[in-house]
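Trainee: One letter stands for each residue in the lines below.
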Amino acid sequence: MKKIVNIYIAGLALLSVSLPSCKKEIGSLNGPSLEQLSKNPSRLELNTVVVGTEAGMRNNLDFYLDATGVIGREMYRFAGSEPRYTTDLLGAGSSTLNNNTFYLTNSWNSRYRVVKNCNILIQGATNSTSVSAAQKKGYTGFAKTIKAYELLLNLNLTYINGVRIDVENPDNLGPFMGYPESLTAIAGLLDDAKADLTGADIVFKLSSGFGAYTDAAGLIKFNRALAARVAVYRQQWAPALTALNESFFDLNGSFNNGVFHVYSTGPNDQLNLAFVGQNQNGEIRVAHPSYAADILAGDDRIGKATLRAQAASQNGLTSNRDVWVYRSSTDPIPIVRNEELILIYAEAKVQLNQLPDAVVAINRIRTSHNLAAYAGAVTQAALATEMLYQRRYSLYFEGHRWVDIRRYGLLNQLPIDRAGDDVWDRFPRPLTEGN
Amino acid sequence: MRKLLKLAVLAMFYSALPTLLWAQISVTGTVTDANNNPLAGVSVKLKNSNIGTATDAAGRFSITVPSKGGELEISSVGYKTQTIKANSNSYALSVKLVEDVGRLDEVVVTGLATSVKRRNLANAVATISNRDLAGTAPAQTFDAALNGKVPGALINANSGAPGGGISVKLRGVTSFFGNTQPLFVVDGVFLDNTATPAGLNFVTAAARGGNSSNQDNPSNRIADLRPEDIENVEILKGASAAAIYGSKAAAGVVIITTKRGRSGRTRVSVSQDIGFVKARKFLGTRTFTEATAEDLGGSNAARRAAIKAEFNAAKAAGKIFDYEKEMYGQTGLTRNTNVSVTGGNERTSFFFSASQKDEQGIIKRTGYRNNSVRLNIDHRISDNVKIGVATNYINSSADRGLTNNDNNSVTFGVALSSTPGFTDLHADALGNYPNNSYSSSNPIQTRDLMTNNEAVDRFMTGVTLDAIFQKSEKSITRFVGRGGFDFYNFKTTALFPNELQFQAVNQGTSIQGFAKNLNTNFILSLVNNFNASENLALTTSAGITQENGDFDNILNIATKLVAGQTNVDLGSALTATQLRNKFQDNGIFFQEEATIMDAITLTGGVRFDRSTNNGDAEKYYIYPKAGVSWNLTRMDFMKNSFFDNLKVRAAYGQAGNFPAPGSKFAIMSIFNIGGNTGLLPNTLRGTPTIKPERTSELEAGVDFSLLKSKLNFSFTVYEKKISDFLLQRPTAGSTGFANEFVNAGDLRNRGVELSLNAQPVSNKDIRWNTVVNFWLNRSKVTKLNIAPVQLGVFGTSLGTFKIEEGKSATQIVGTDGNPDVAVPLGDAEPKFQMNWFNEITFLKNFSLRFLLHWKNGGDNINLSELLTDLGGTSPDYDDPTKNGTSKKGPDRLAQFFSGSARGFVQDASYLRLREIGLYYTFTNMPVNFIKGLRVGISANNYFTSTKYRGYDPEVSNFGTGFSTNVDVMPYPASKRATFHLLVDF
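For the record, the sequence lines run as chains A and B.
When we follow my numbering, the leftmost residue of the first sequence carries the number 1, and every step to the right adds one.
When we follow my numbering, the leftmost residue of the second sequence carries the number 1, and every step to the right adds one.
Hints should not be assumed to be uniformly reliable.
[To be verified] Quick list of simulated restraints, FRET-style, between CB atoms:
no., chain 1, residue 1, chain 2, residue 2, range
1, A, 254, B, 426, 49 to 55 angstroms
2, A, 39, B, 434, 35 to 41 angstroms
3, B, 567, A, 36, 52 to 58 angstroms
4, B, 817, A, 36, 46 to 52 angstroms
5, A, 36, B, 426, 55 to 61 angstroms
6, A, 372, B, 431, 49 to 55 angstroms
7, B, 516, A, 130, 35 to 41 angstroms
[To be verified] From the derived model, a few chain A residues whose C-beta atoms are all more than 10 angstroms from chain B:
no., residue
8, 35
9, 37
10, 179
11, 192
[To be verified] Here are the simulated lysine to aspartate or glutamate pairs, EDC-like style, with alpha carbons at most 16 angstroms apart:
no., chain 1, residue 1, chain 2, residue 2
12, B, 619, A, 25
13, B, 691, A, 25
14, B, 319, B, 424
15, B, 764, B, 71
16, B, 582, A, 25
Please keep in mind that the hints were generated in silico from the structure rather than gathered at the bench.
From the three backbone atoms N, C-alpha and C, an ideal C-beta is built for every residue, glycine too.
Put together the whole structure using the sequences plus the hints.
Mentor: Encoded structure:
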C-alpha cells in the first residue's frame, strides 16, 4: 500500500514541477502585428506605414520595366540563367506569356502589397484616436493616390484583362473589372484623394524623391500629374489639360521636375536594380537595335543607349548598345516628371485639334534634345506620330512605350526580330487570381 | 508543492535503501560464440535491476548480485539472448551464445521509456548498428551513411558539397511545407536539424525568379554527428511506431543511441582513415570548331568576327581549356582520426572519444573539417538507481563553394554554362583575372577569391536517471527521467572581394550570419512491470514531456568594402536581418503493453500534445496508438513446426506535425527609404486558426524464420493517411500577400516493404550473411479543399510539382506545346527501391562487405542541361539527333522554345555500389600491448549505372524541403576511396 502511495506522490510531483513552467502563448517575434496597425495606431505608427508604402513602391519595379521594355521592343534583357526574357516575353516560336511566371507575378504581387499597405493606412488613420481630422485626410489622401498609381501599373500589364479594385478583404476580393471600368475607378480614386488632400494636414515624412511636393499642396500637384496620365489613357483630352493645370506641369520648366523613386545603400533601403554597368556580360540590358536605327540624326537621346565595346547576343538576338538610362545603382527612377507632362499636353492638344499649341510643346522637347524645330505637316495624324516618337525617346525605359503604342493600336508596327516572334498586347491574369 | 517533491524523493531513496544493505555475492563467467571464440562487449544484466556489466576481450565477466541470487540476462547484438540462474554457487559460469541472423532478440524502443524484443514487436522498425553505419565504407556525413540502408526511406543527397546536406523521407511524403524530415533524437535529446542559409541569395538572387525557397545549398545540422560514436540507430518510420512522440513524429523518428562505457579493463581504440575523393563523373564540354564558335556570336557580324578571332588565336596557341575538369577535377585528400577510451568499474563506466575529420572537396578551396569530443558516463548510485550522462562537443567548418541556381550568373556552374573553353579566364602574371566576356562572372576568379564557410560550435548533453523505487515478487516500478539540451552557434561567412568581376556594382560584399539555437527537452515517466502470472506480463508507463526551442539568426550584409577587408563595419553600406523562432510544446502520455504467454503482445497508448505554434496554443491534440503481435511459434500447436519463428503483427497510430513557428501571425516587415523607417505587410499571410496536420498509419506484416533461423523473412504493408495537411499556397496576389499556410486537404501513402535476411553459408572457412530489401511507396492526394497548387520549382514552362486531387503528391507537371496547359510529365517517387547487403568472412581473417542500392524510377527536373544548351556548351550539343535531321543541343532548345518542358523531366533511376570494403583482422599481434589490429580498404559510390544526364541522379537545388529532385548546377557528386587502420590497446 505504502508503495502505491509513493507512486502517486511521485507522479503528482512530476506534474507539479512541470506545470508552472508552461507557456501558453509566445507572440510574434519577428515584427509588429498587422492587426495593431489597422485597429488604433499612433501617429508614429501611421508614419512608418507611409514610409513603407513609399519604399514598397520600388519592390520588383525592375521586373515591370523589363517586361514592358522587352515587349515594347525598347530593349532586350539577356540573362545567362533565365531564358524566358528572350522566349516568353518576345513570343519566340510558340512560347507565350505564362500566367504564373516571375516576369508577371513578382511585379503584380508587389504592387498589390503596396495597395494592401495603403488600405491598412486608410483603415488605421480612420480608426486612430490619436490624429486629428485634418491629419487623417492627409494619410488617406496620400494612401489613395499611391493606391491608384499602383493599380494603374498592374492594369498596364493586364490591359483588357483588368484588375481588382476592391481588395480590402483578402477573404472576399472584389471582381476583376474591365479596362475602361478599371481606369474609371483609378481616376475616381485619384479624385477622392485630391478631395482628401485639400485642406489636409501632412504630418508624415516622405523621401527626397517627392522633392518639393511633400505638403498637401504638393501632393495635390503630384496627384493631378497622375490624373493627367490617366485622363489621356481614357482619351479624356480636356480633363487631361485641367489636371495638368493643377499639377506641376510647366511647359518651360525642367524636364526632370517631378516625383521619383530614390535609392540608397542605407539599412533596409534598396538599390536601383534597373541599373547595369556598361559593357557587362551575362546579366545585361541592351537597347533594341531599332532604338538607334530609328532615332533622328543629332538627337541627344542616343545617349540613353551607349555603344558597347563588344556586341552582346543571346538566343538569336544581338545588340551593340547598352541601355544607359539609370547610370548608378542609386539613380532615381521617375514616377512622373515634367517631360511626360509636356508630352501629355502635346497629346491632348493634338487630339483636341489645337495643333499650334501641340507644336509649341513638341518643339520644347525637340530643341532641348538637340533637334531642329518641327518642320513636318501640321496635321493631327502627323503630329500624333511625332508625339509618339518624342514619347518613345523621352520616356525610354521608364515603362511607357508598350502602353503608348497599344493605346494607338500600333502594336503591329513593332519590329519582329525572329521568325515566329509575337508582340503581346497584354499579360494574362495571374494564375493565383483564379482567373 | 516543494514539500511534496521532497517527500517523493525521500520515498524513492527510502525504498531503495533496503536492497543496498543486503549482503552481496560475486558471480563470474565466460561468454563465447558457438565456435568457442570469446565474445567481448556482451552485456550481462541482473534481471529486474539496474545492475549490469560487460565482458572483456577474453569474454570474461564478473558481476556482484544480492545474495539471494537472480536471473542473469546475457545479450549482444547479433546473438540470441540467454537467461541463466545465478546464486551463491555460481562461479565460472560458461555461456555459449547462438548467432541471431534474424536479430529477433534485439531490443527495440517502443515507448518513451520502454522497449520490447524484436520477436514481439508489432512494427517494422529498422535498426542500423554501428557496423552497418560506418563499418564498410564511411560516407561523407552521418546522414549520408544511412542512405540505401533503410527500407521505406527515400534518402537523397542535395549536392556533393563538403559538409553534406541530405534529405530523408520515410514512407513517402508526409508534409508539403518546410519540415518533411524525421525527428532526430540522440540519447533522449531532441536534435535541431535546421538548415540555416548563409545569405548567398543576396549575391546570387536565386530566389528572385519566382521561387522563394532557399537555394543557398546549406547543410543540415544532423550532419554534425560522428558515426563512430553511434552504437545504433532505430528508425520509427511512421505514426504507428512513433505515435508516442506525438506532434513531432509525423515524418518518423530516428532514435540514435551513442556508445556507452563498459566496466573492466580500460580499452583504447585508435582508428585512422586516409583516402581521397574525386568527381564521380565529368559530363564533358563541347568541342568547338571555327564555325560553331563563330555561331556563339549570333547575328552580329562584329561579335562573330571577334569570337572567331578569339577561337583561332586560342587554337593556335594551344590554349583551349577544359574548365569542367579545372573546376571539379581536384583530387581531395581525406583523413579521419578517432581515439576512443572505454572502461570503468562496477559502479561507474565511461566512454570517451575524440575525433578529427579533415576532407578536401573536388573543387579547390572547398572542404570540411569536424572535431568532436564525446564523454558518456554511467554511474550506479545504488543497486536501484543509476544515472547516465552523454556529452558531445562538436566544432566543424565547411567551405562549400558557390554552386546551385542563381539569377546573376555568378555560381560556378551557371557561369561555366555559357563559357566556352577557348576563352582564357586565368590570372596573368600580376594576379589579375580577365573579365569573362561570356558571362557576368569569371568562375575561376570567383573560386580563387570567394569564401563560403559554415562553422559550427555545438554542445549536446543528455541525462538519464533510472530509479527503481518499488520492487516486489511480481511488480517493479521505476522512474525514468530523460532530458537534455542541444546548443549550437552557427556562423556563416560569405565573402566576395572587390576584385570579382560581378562585384563592379557592390564593390565587395561580406555576408556574415550568426545563428544561435538552444533546444531543451525532458521526458519524466513512471514505468511499472507487473508479472500477473506465468502467462501475463504488463508494462504500464505514463509521463509528461516538454520541448523548448529558441532560434535566433542575425545576418549582416556589408557592401562597398575597404579593399581586402572582410569585417562588416569596414564597408560603406550595411544591412542586417534578424529571424527569431521560439516554441514550447507540452505532452502527456500513457502506454500499456501486455505480453500474454510470451507470444501475444498488445500495446495501447495515447499522447496529448499542445504547442505554441498552433493557432490555439492551449488546445491539446490527442494521438492514440495500438498494436498487436502474435508469435505463433510460441504457441503449443506450432512448436517444432517448419517455422522457427512466425509472427503476424498489426499496428495503428497517429502523430502530428506542428505548423511552422510564426505561421499564425500576420506581421509587418521593414522597408526603409531615404533614411525613413517604414513597414510593409509580410508576404506570408498569417493564419490564426492554423492547426497541426495529423498522420494516421496502419501497418501490418508477417515475419518468419526457417532452417534454424538461417533464413528470415519480413513482409510489411502500410497505409499512411495525412489529414489537414499543411500547405503554403500562393494566395491571390491582389490580397497583398504572396503565400499563406492552410490546412488544405488529405493525402495518402501506401507501400510495401520486404526484407530477406539469410546466412547461406556458414562453416569454418566461409561465413556469408546477406540481406535483401525491397520497398515501394505510392502517394495520392485524396482530398484538396483548395484549387490545385503548383509547388516549388520555377513554373510550368520548366517543369514543376503540382498538388492536385486524385494525383500523386510528387507528380511533376509542365507545359507540352500548349503554354496554357500543364500536363503530367513525371513523378519524383521511385517505382521501387532495392538494396543488397553482403558480408562475407573468409580465410578466417578476411571480411568483405558491400552494399548495392537500386532506385528504379523517380524523375528529376534537370535544368542544368537547359542552361548549358542555352550557353552553347553542352558536351553533346553538336551530336546528331537520332533521326539525323538536327543536332541535339538545338533540337532540345527547339523543344523548349516550342513550349515543351518534357525534355527537362528525366528518369533518375540508378544502380549504385554505395559501399564496398575489404578488411583484414590480425590474429597474431606484433606486440603484446596491442590487443586488436585491423586494416582495410573501402570505396564509396565507385560504381553507378544511370541514364540520367546530369552529374548525379541524387540532387536537390532546394535543399531538404518538399521540392527535392531539381537539378540546377549543383556541386557535383564525388566518389571516395579510403584506407583504414584500427588498433585496440
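Trainee: Each hint needs a verdict: does it hold in this structure or not?
Mentor: Now for the hints, and whether the structure bears them out:
1. 254(A) / 426(B): 49 to 55 angstroms: The hinted range 49 to 55 angstroms holds for residue 254(A) and residue 426(B), with Cβ atoms some 50 angstroms apart.
2. 39(A) / 434(B): 35 to 41 angstroms: Since residue 39(A) and residue 434(B) have Cβ atoms about 60 angstroms apart, the given range 35 to 41 angstroms is violated.
3. 567(B) / 36(A): 52 to 58 angstroms: At roughly 37 angstroms between Cβ atoms, residue 36(A) and residue 567(B) fall outside 52 to 58 angstroms, so the hint is violated.
4. 817(B) / 36(A): 46 to 52 angstroms: holds, 51 angstroms
5. 36(A) / 426(B): 55 to 61 angstroms: Between residue 36(A) and residue 426(B), where Cβ atoms are some 58 angstroms apart, the hint holds.
6. 372(A) / 431(B): 49 to 55 angstroms: holds, 54 angstroms
7. 516(B) / 130(A): 35 to 41 angstroms: holds, 38 angstroms
8. 35: Violated, since 7 angstroms does not exceed 10 angstroms.
9. 37: Its Cβ does come within 10 angstroms of chain B, the nearest being 7 angstroms, so this is violated.
10. 179: holds, 16 angstroms
11. 192: holds, 20 angstroms
12. 619(B) / 25(A): Holds - the C-alpha atoms of residue 25(A) and residue 619(B) are around 11 angstroms apart, at most 16 angstroms.
13. 691(B) / 25(A): holds, 15 angstroms
14. 319(B) / 424(B): holds, 8 angstroms
15. 764(B) / 71(B): violated, 33 angstroms
16. 582(B) / 25(A): Status holds; Cα separation ~10 angstroms.
The structure does not agree with the numbered hints 2, 3, 8, 9, 15 stated previously, though it agrees with the rest.
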